[in-house]
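A.B. asks: Okay, here's what each chain looks like letter by letter:
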Amino acid sequence: AQSVAQPEDQVNVAEGNPLTVKCTYSVSGNPYLFWYVQYPNRGLQFLLKYITGDNLVKGSYGFEAEFNKSQTSFHLKKPSALVSDSALYFCAVRAKAAGNKLTFGGGTRVLVKP
Amino acid sequence: EADIYQTPRYLVIGTGKKITLECSQTMGHDKMYWYQQDPGMELHLIHYSYGVNSTEKGDLSSESTVSRIRTEHFPLTLESARPSHTSQYLCASSAMDRNTEAFFGQGTRLTVV
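Going line by line, the protein sequences match chains A and B. Mapped onto this note's numbering, the consecutive letters of the first sequence carry residue numbers 1 to 114. Mapped onto this note's numbering, the consecutive letters of the second sequence carry residue numbers 1001 to 1113.
In case anyone wonders, no lab produced these hints; they're calculated from the structure. Be a bit skeptical, because a hint or two may be false.
What the hints assert, rightly or not - Between beta-carbon pairs, the in silico distance windows are:
1. B:Thr1026 <-> A:Ile51: 17 to 27 Å
2. A:Thr52 <-> B:Ser1084: 15 to 25 Å
3. B:Asp1030 <-> A:Gly29: 14 to 24 Å
4. B:Val1113 <-> A:Gly53: 42 to 52 Å
5. A:Arg42 <-> B:Val1052: 20 to 30 Å
6. A:Ala5 <-> B:Val1113: 28 to 38 Å
7. A:Ser3 <-> B:Met1096: 15 to 25 Å
8. A:Thr72 <-> B:Glu1022: 37 to 47 Å
9. B:Ile1013 <-> A:Gly53: 18 to 28 Å
10. A:Asp9 <-> B:Thr1015: 29 to 39 Å
Stated by the list, open to error - Below, computed lysine-lysine pairings styled on BS3-like, alpha-carbon distance capped at 25 Å:
11. A:Lys101 <-> B:Lys1057
12. A:Lys49 <-> A:Lys22
13. A:Lys22 <-> A:Lys69
14. A:Lys69 <-> A:Lys49
15. A:Lys77 <-> A:Lys49
16. A:Lys96 <-> B:Lys1057
Each residue gets a CB set at the ideal place from its N, CA and C atoms; glycine is no exception.
Just chain A, with the same shape it has in the complex:
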């Protein structure tokens, strides 16, 4: 079975400071990893994904994520957070061994203070 862990329920950061949202995963075989963001009363919006190749992937709204195979991690980062980045962030994994189902982590609430 595959699983995703987001160890922090909430991350607080001051505007302009770097933002990191942590994600670790457990799968059999090669993982396909995704980050999504959810604003209040909305569905999830895709931010970025890692499939293969360069371990550092860049996505929407200035976000990037680094795939680390040895640590089975895929942390989301933004060099300078904005108040408008306050939202829920979900990490997800998909793997062939799990029937290609998309499994989500528990989510992390990000609060960026002015």
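Chain A is fixed; fit chain B onto it per the hints.
C.D. replies: Same frame as chain A, but now just chain B:
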């Protein structure tokens, strides 16, 4: 914006009523999913489909049922709603390739009173 639509956005209904949550996508995606989202935000897969006439139970047991008669349509039905069904329901779709991202609808917030 993704071309996947859920209706209604909000629904308040009495116990024992039958309800159907609609989900449609215009992207021609074979895969479709229903997730239930806790008030505490965690997402649970309750149903998925890999194409017409294909439906599977997800990771979280649900009393709801789904059908997939047309590629673009994946409705979810509760035969007899209960307060424990109160939740946010999110529909998603993706292409068959496992390296493609899923697209989500806006969600339906269901309240059973």
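A.B. asks: To test your reading of the hints: which numbers does this structure violate?
C.D. replies: 2, 9
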